[in-house]
Amino acid sequence: MAEQTHLLITTTANDDVDDIVNHCKALKAARFDPITVVATDAEQVDALSAKGLQAIPMPEINNKDEFARLFHAVQKVCASEQDKAGVIMVVPAAELERTNPEDLRATRTIFWHEWVDAAVFGRPIFEEADKNNTAFVKVVAGQNRKVMYMSRGAAPYGADVMVADSGIRAYRFQALRQLAETEPSPLERTERISMLRALEANLGVYMNLMTSAA
Numbered sequence: 011m012a013e014q015t016h017l018l019i020t021t022t023a024n025d026d027v028d029d030i031v032n033h034c035k036a037l038k039a040a041r042f043d044p045i046t047v048v049a050t051d052a053e054q055v056d057a058l059s060a061k062g063l064q065a066i067p068m069p070e071i072n073n074k075d076e077f078a079r080l081f082h083a084v085q086k087v088c089a090s091e092q093d094k095a096g097v098i099m100v101v102p103a104a105e106l107e108r109t110n111p112e113d114l115r116a117t118r119t120i121f122w123h124e125w126v127d128a129a130v131f132g133r134p135i136f137e138e139a140d141k142n143n144t145a146f147v148k149v150v151a152g153q154n155r156k157v158m159y160m161s162r163g164a165a166p167y168g169a170d171v172m173v174a175d176s177g178i179r180a181y182r183f184q185a186l187r188q189l190a191e192t193e194p195s196p197l198e199r200t201e202r203i204s205m206l207r208a209l210e211a212n213l214g215v216y217m218n219l220m221t222s223a224a
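Counting from 11, one number per residue, gives the positions in the sequence shown under my numbering.
The hints are simulated quantities; they were obtained by calculation from the structure and are not laboratory data. Keep in mind that a hint or two might mislead.
[To be verified] Listed next, the in silico DSS-like pairs over lysine-lysine satisfying Cα-Cα at most 25 Å (straight line):
1) K94 - K156
2) K86 - K38
3) K61 - K38
4) K86 - K156
5) K61 - K86
6) K35 - K61
7) K38 - K94
Let the hints inform the model, and build the full structure from the sequences given.
Now the structure itself:
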């Protein structure tokens with residue numbers, strides 16, 4: 011069982027600092043702690059820090075992908091063995107507005123399953139146009155919520171309700187390290203779906219279904 015969840019919020023240059031601060035206050039009220047904002051640049055770090063948040067810059071590592079950059083940032087906030095025994099949850103700031111903290115709370119039980127190395131958080135898709143929209147990455151999981159595959163096409167074929175990847179993730183520290191040290195495969199590059207790396211590495215990925223639709 012993971013001892014704690016360390017929540018990382020990743021930002022873009024377009025994200026509003028005050029909005030991030032308000033969402034972080036709501037998350038702390040829901041007993042999410044610690045929270046670190048991984049900001050785009052020093053200016054954003056300064057603005058967030060001035061509002062009382064823990065903020066660090068997303069490292070710029072030449073020729074490295076999102077897992078390498080993320081793991082580099084995680085190492086700054088998960089230095090102790092206790093931290094490394096916990097779970098790292100990554101939430102894009104753009105997802106905070108429509109994310110119920112209760113959906114994120116599921117992380118506290120997902121990793122009770124020993125087979126789980128990582129988790130993706132999905133939103134239900136009901137509209138036919140969205141099911142065929144390649145901008146939505148579809149997540150297909152078995153009865154135990156173990157992710158079998160992910161695709162930009164409509165999957166599973168003929169399903170009344172499909173699941174879209176929200177971009178919210180959770181990882182064990184060692185799983186994130188493995189992903190950071192693994193080169194993307196041709197399939198990952200073709201599909202442009204980073205979590206295919208985890209599936210190809212035979213990591214156990216859990217799919218948590220959120221309450222709000224895609």
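Right, here's what the structure says about each hint:
1. K94 - K156: holds (23 Å)
2. K86 - K38: Given pair K86, K38 holds - Cα atoms ~21 Å apart, limit 25 Å.
3. K61 - K38: holds (14 Å)
4. K86 - K156: Distance ~30 Å between K86 and K156 Cα, so the pair is violated.
5. K61 - K86: holds (20 Å)
6. K35 - K61: holds (11 Å)
7. K38 - K94: holds (21 Å)
In summary, the structure is inconsistent with hint 4 from the numbered list given earlier, while agreeing with all the others.
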